[in-house]
Each structure stands twice: as structure tokens, then as C-alpha cells.
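With the hints as constraints, model all of the structure from the sequences given.
Below are the chains, spelled out letter by letter.
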Amino acid sequence: MEIQDRQVDGVTVLILKGSVDAITSPKITEFIQAHIAKGNTKLVADLSGVDYTSSAGLRVLLGAIKETRARSGDLRLAGVQPDVQKVLNLSGFTNILKKYDDVNSAVASYS
Amino acid sequence: MMTKNDRPRVALVIGSGSVKCAAALGLMKVLEREHIDVDMVVGCSGGAIYASLIALGWPGQRAIDTTLKMWTRDVTAKRNTRAILQLALPWIFKFDESFGLIDDRMINRRFRDGFEGATFAQTRIPLFVTATDLYNGEQVVLSDGTIAEAVRASISIPYIFPPHKLNGRFLVDGYQSDPLPIGVAIKEGADIIIAMGFESPYQEQITSLMRYNYQMSSVTSNNLLKANFAFHNLAHHSEIIPIIPEFKHRIKLFDTDKIPYVIEEGERAAEAQLPYLKELLGK
Chain B
1 MEIQDRQVDG VTVLILKGSV DAITSPKITE FIQAHIAKGN TKLVADLSGV
51 DYTSSAGLRV LLGAIKETRA RSGDLRLAGV QPDVQKVLNL SGFTNILKKY
101 DDVNSAVASY S
Chain P
1001 MMTKNDRPRV ALVIGSGSVK CAAALGLMKV LEREHIDVDM VVGCSGGAIY
1051 ASLIALGWPG QRAIDTTLKM WTRDVTAKRN TRAILQLALP WIFKFDESFG
1101 LIDDRMINRR FRDGFEGATF AQTRIPLFVT ATDLYNGEQV VLSDGTIAEA
1151 VRASISIPYI FPPHKLNGRF LVDGYQSDPL PIGVAIKEGA DIIIAMGFES
1201 PYQEQITSLM RYNYQMSSVT SNNLLKANFA FHNLAHHSEI IPIIPEFKHR
1251 IKLFDTDKIP YVIEEGERAA EAQLPYLKEL LGK
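The listed protein sequences derive, respectively, from chains B and P.
Counting from 1, position 51 in the first sequence corresponds to residue 51 in my numbering; the numbering is continuous, with no gaps.
Counting from 1, position 109 in the second sequence corresponds to residue 1109 in my numbering; the numbering is continuous, with no gaps.
Hints in this document: simulated from the structure, not taken from any laboratory.
Please note that the accuracy of each hint is not assured.
[Said to hold, decoys possible] DMTMM-like cross-link-like pairs, simulated, lysine to aspartate or glutamate; straight-line CA separation at most 20 Å:
(1) P:K1252 with P:D1074
(2) B:K86 with P:E1199
(3) B:K17 with B:D5
(4) B:K27 with B:E67
(5) B:K86 with P:D1074
(6) P:K1165 with P:D1144
(7) P:K1278 with P:E1034
(8) B:K38 with B:D83
(9) P:K1226 with P:E1199
(10) B:K86 with P:E1265
(11) P:K1029 with P:E1267
(12) B:K17 with B:D102
(13) P:K1226 with B:D83
(14) P:K1248 with B:D83
(15) B:K38 with B:D9
(16) B:K27 with B:E2
(17) P:K1278 with B:D51
(18) B:K27 with B:D5
(19) B:K86 with P:E1097
(20) B:K99 with B:D9
(21) P:K1248 with P:E1267
(22) P:K1278 with P:E1267
(23) B:K86 with B:D102
(24) B:K27 with P:E1279
(25) B:K86 with P:E1246
(26) B:K17 with P:E1279
(27) P:K1165 with P:E1097
(28) B:K17 with B:E30
(29) B:K86 with B:D101
(30) P:K1078 with P:D1113
Values in this document were obtained by computation on a predicted structure and should not be read as measured data.
Right under this line is the structure:
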């Protein structure tokens, strides 16, 4: 799992590559928590490089969504790949999170 | 909770999905090849048939042959005359909870013969079969007695097969309470849960009361599947690995001729999750 970040128009874009699962979730959680602690609560997760998520991955996403929304922010998803989309659909998460085709659209949704 | 040798406890959960559930045989083939032990099997509706065959340790071809003997179109061929009269004249023929449009004597006999009288006590892997209590909607987890009785209860498709009376309760299809009963595996102490689930297909056209019924059933059960899956994902302390085979062609209730294809797709879906599963198990 690789995670990088960049700032775009006051929005923090998290670029994730690999799997979001039980093995990688501690690293992702720590990374997101560090941003929230710094007051970066408008987040976009670029998932175009993520090919898999599991229950642990869903818990990470939901945890981040709850924490950012409690601070008037959000975690929005961009570039979701078909296998990840399948799990999001099955879990009904698509009903509670905002999802965009690409990072630019996700960033623009905050303005 | 860990097993005696401190490895995570692995559960296989097979949801409802009629013939599509045969994909679990493909999944099991991959697990066996990789020497991944399963500590419990949970099945619901069509998934209960394959969960039972797997738990009994019947090899792939025997499982296929047993399915082909048990589940053919003629199990729904004989109409239940009493049910039709109950529909037409409910006050004369006393409509009651035993309603089902199909005479279930053939399917009962097929399961009894197919499972050869096997009981839960005889399984190699602990087995749990789910059904639903018609009167209060509770999920009923069956784990003793004969497998044929439990599977029969679990596949009681509403309106089609009469509810199955077992231990004083009228039991209907397991999907009515949870189409993918991951909660049973969580409750039984599983760590890693391999969950093979299927959404119910929607009707292309609604041209009869039965199709309307199927459609409403799919709408409800698919939403129930998602709601429960979300809850279980959030509630579980460890990992749930969803395995969702993709079928290019529609697989209907009695498309047993497509079982080899279904198994292949199950195998393919399992292969895709295998590297991660092995990593979790430290293999």
C-alpha cells in the first residue's frame, strides 16, 4: 500500500494505491488521523489505484467519514474501480458517501 | 478467538442464490488446493445445500451428482391442489400457515435420499443452516438433527414451497431473515469470514402475479442483504472477505446444466481473493 497526499484548493487529496484491507488499514488510519489532527477535514480519497477493499477497509472509510463530518468536513471518493465499487454497493455504502468519477470533480464538489 | 494452533478461525458463509451457490464448490476447490482449513460452514437457502455438501466432505463430483439428483425442475411440477382451493375459497378450505403452491413431497424425498440420512453430528466441518420463523421473522439457526430437514426448511421459497414445520415452528426460507448469514459465523467465533453472496435477479418484465411476487421478493431481499452486510462489516472484529462471482449469463432457479460454468466462476472469484487470504493467514 502506498499513500501520498497533495493539497488542491484547500482540499486534501489522499492518493491510495494497492488494497484497503486489514493489513493496510492501520497505516491508512494513521495517515488520515494525522490530517484530521492538523485540521484537514475536507478530504478526497483517490481510489483509482485501489483494486480491493474488505470489511476492514470499509471500517477505515466509515471512520474517516464520521470524524471529518463531525468537524464540518467530509471524505469523498474519486476514481472508484469496479471491484471496490462492487463491495461499496453490496454494503450499501454508496447510500451514505459521495463518490465522483475523478479527483477534479471530487475537489470541485467542496466549492 | 483462535483455534488450538493459534491460527485464525476461518468460516465459509454461502448465501442464498439457488444454482449460483454451486460456485462455492469452485471456491472450496481453491481452498483445498491451498490447504486452507475451514472451521465452520454456514449456509442459507440454495447456499444451505452446498454448505451441507462441503461440511459433509463429499468431494466435488459427488457434490455435483447429489445436486443434480436433488434439484431438478420436476420438484416444482406437481401443484398443491389444496393450496389452489385455499386461494379460491379460503373460508371453506381454511387458509393457514402451511400454504405453498407446490406439492413438496417430491423435494422432501429428494433431500432425504440425496443427503442419505446424514446428520449434523456426522459432518467433518461444523455446519449451520439458517431458516426463518414464519410467525416472528426471527432467524433460526439449525445445527442438529438431519441435514435434509434443515435444508428443506432453509429453501422454503415463500408461496412456492410450504413452510417446513420443525421443532414446533413453521420455517420459511433463510433469505427472509438474512440472505447472507455472516452474523452466524461472527457469533460462532470466526475470525476470517469468507462470504459468498449473490443478489437476487430482477425480472426483465413483470407479466404475471408470480413474477410480481419474485420482483418484490428480490427488491426486499437485496436491500436486506446490503443492510445486513454493512452491519456485519462494521460489527466484526476481524476480516470479512466477500467473494462475489460474476456470471455473464443469467442463471435461473433450475439451470443445473450450468453448474460446471458456475463452479468455474466460483473458482475464478476465489483465485482473485487468494493472495490476500493467504497473507492474512500467514501462508
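Unsatisfied constraints (hint numbers, rising): 5, 8 and 19
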